[in-house]
Structure formats: C-alpha cells, structure tokens
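Novice: Sequence:
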Amino acid sequence: MNRFSLHCAVNLILLQGKKVLLLQRKQTGFSDGLFGVAGGHVEGKEPAKSALIREVQEEINIQLAPKQLDLVVSVHRKLEHSEYIDLFFTSDSWSGDLRNNEPHKHNCYAWYPINDLPRETMPLVQDAIQSYLKGINYFEMGWDF
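Residue numbers (the numbering used here): -11 to 133.
Take these hints with a grain of salt, some might be off.
[Unchecked claim] Cβ pair distances, simulated, as ranges:
| no. | residue 1 | residue 2 | range |
| --- | --- | --- | --- |
| 1 | 121 | 21 | 23 to 33 Å |
| 2 | 21 | 130 | 13 to 23 Å |
| 3 | 68 | 6 | 18 to 28 Å |
| 4 | 89 | 132 | 33 to 43 Å |
| 5 | 126 | 35 | 16 to 26 Å |
| 6 | 131 | 84 | 32 to 42 Å |
| 7 | 71 | 125 | 27 to 37 Å |
| 8 | 90 | 4 | 18 to 28 Å |
| 9 | 96 | 45 | 29 to 39 Å |
| 10 | -5 | 132 | 11 to 21 Å |
| 11 | 131 | 7 | 11 to 21 Å |
[Stated by the list, open to error] In silico DMTMM-like links for lysine to aspartate or glutamate, alpha-carbon gap of 20 Å or less:
| no. | residue 1 | residue 2 |
| --- | --- | --- |
| 12 | 66 | 128 |
| 13 | 66 | 132 |
| 14 | 93 | 46 |
| 15 | 33 | 46 |
| 16 | 55 | 34 |
| 17 | 6 | 132 |
Just so you know, the hints here were simulated from the structure itself, not pulled from any lab data.
Backbone N, C-alpha and C fix where the C-beta goes; we use that ideal spot for every residue, glycine too.
Turn these sequences into a full structure, and let the hints steer you where they fit.
Specialist: Structural data, given as structure tokens:
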C-alpha cells in the first residue's frame, strides 16, 4: 500500500484594481523560472490564515490581517508521492511597502493584468486565478478518474 503525505499550502492572489502580483521563482527546485503568487506551507499547529500572513510577510514584506483575506479557491492535487490541499485567498488591502525579501527564491515581482497572465505562469496558479474569475471555488488536479 502506497503511503502519501498530505500537505497544505496557502497562496495569496494580491489584487490592485484589475492586476495581480506575481513573483518569478528561482533556485527553489519547484517551478523555477515560472511566475507564482506569494505563499507557502502551513506549519504544524498553525491556522491557514496565520500561515499565509507569515509567508507573505517573509516573502514580500507586507502585513495582512485575517479579516483582509477571503478564501476564494481550494484545490486538491495529487503528485507522485504526496497530496496537496492548496488554499487561495484574495486581498486588495495591506500595509507596508512591497519588497522582495527573498531574492534567493524570487528573481522579481510585478503587477500583471489578471486577465492576461504571462505565458510562464505556473499552471496551478493560472488555473486557480481562472477559477476565481469564473466563480469556481474548488477543483482537482492530478487524479486519474
């Protein structure tokens, strides 16, 4: 019997008008060169919103309050040896100045039109943003039916 590990990741669709903030990944070993959103993994004994607030502060230097986050899309995806529950939250308000706090993990960040994402956007992020725009709040990836 194969044992899978289950992980929970939190992701921020940070909005400014009709634009979304994307970060270009580098040297992480996962989707390097592609654009993603700020976020990361939930650690043990940590609520999802708290994890996202922590990750966003670490990555792009902004502060968020739980009430500024709206859960908009959940994804259950299966990889070769693990499963992920990805939670995508939106926010259009924050405090602090945007800054790339992890230049060793991100080449850059920039605002992109939410309806015209770069071709190099991670498929998971692209699908989640499209689902959000269509009002679809859940989808699955990587499962054989």
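Novice: Hint by hint, note whether the structure agrees.
Specialist: Results of checking the hints against the structure:
1. Separation of residue 121 from residue 21 is about 24 Å and conforms to the stated range, judged on CB atoms against 23 to 33 Å.
2. Checked against the given bound of 13 to 23 Å, the beta carbons of residue 21 and residue 130, roughly 21 Å apart, stay inside it.
3. A C-beta distance of roughly 37 Å is found between residue 68 and residue 6, which places it outside the suggested range of 18 to 28 Å.
4. Distance hint check for residue 89 and residue 132: the Cβ-Cβ separation is about 39 Å, which falls inside the suggested range of 33 to 43 Å.
5. Checked against the given bound of 16 to 26 Å, the beta carbons of residue 126 and residue 35, roughly 20 Å apart, stay inside it.
6. Residue 131 and residue 84 have their C-beta atoms about 38 Å apart, which keeps the hinted 32 to 42 Å range intact.
7. At about 19 Å, the beta-carbon gap between residue 71 and residue 125 misses the expected band of 27 to 37 Å.
8. As the Cβ distance of residue 90 to residue 4 is approximately 21 Å, the hint placing it in 18 to 28 Å holds.
9. A C-beta distance of roughly 19 Å is found between residue 96 and residue 45, which places it outside the suggested range of 29 to 39 Å.
10. The given range of 11 to 21 Å is respected by residue -5 and residue 132, whose C-beta atoms sit roughly 20 Å from each other.
11. Evaluation of the 11 to 21 Å hint for residue 131 and residue 7 yields a failure: the beta carbon distance comes to about 32 Å.
12. Using a Cα cut-off of 20 Å, the hinted pair residue 66 and residue 128 holds, with the two alpha carbons roughly 8 Å apart.
13. Among the hinted pairs, residue 66 with residue 132 is consistent with the structure: their alpha-carbon atoms are about 9 Å apart, no more than 20 Å.
14. Taking the CA atoms of residue 93 and residue 46, the gap is near 11 Å; set against the 20 Å cutoff, the hint holds.
15. Distance restraint check for residue 33 and residue 46: the Cα-Cα separation of roughly 19 Å lies within the 20 Å cut-off, and the hinted pair is therefore satisfied.
16. A threshold of 20 Å between alpha carbons decides the hint, and for residue 55 with residue 34 the separation of about 17 Å falls inside it, so the pair holds.
17. With a C-alpha separation of about 35 Å, the suggested pairing of residue 6 with residue 132 is violated against the 20 Å cut-off.
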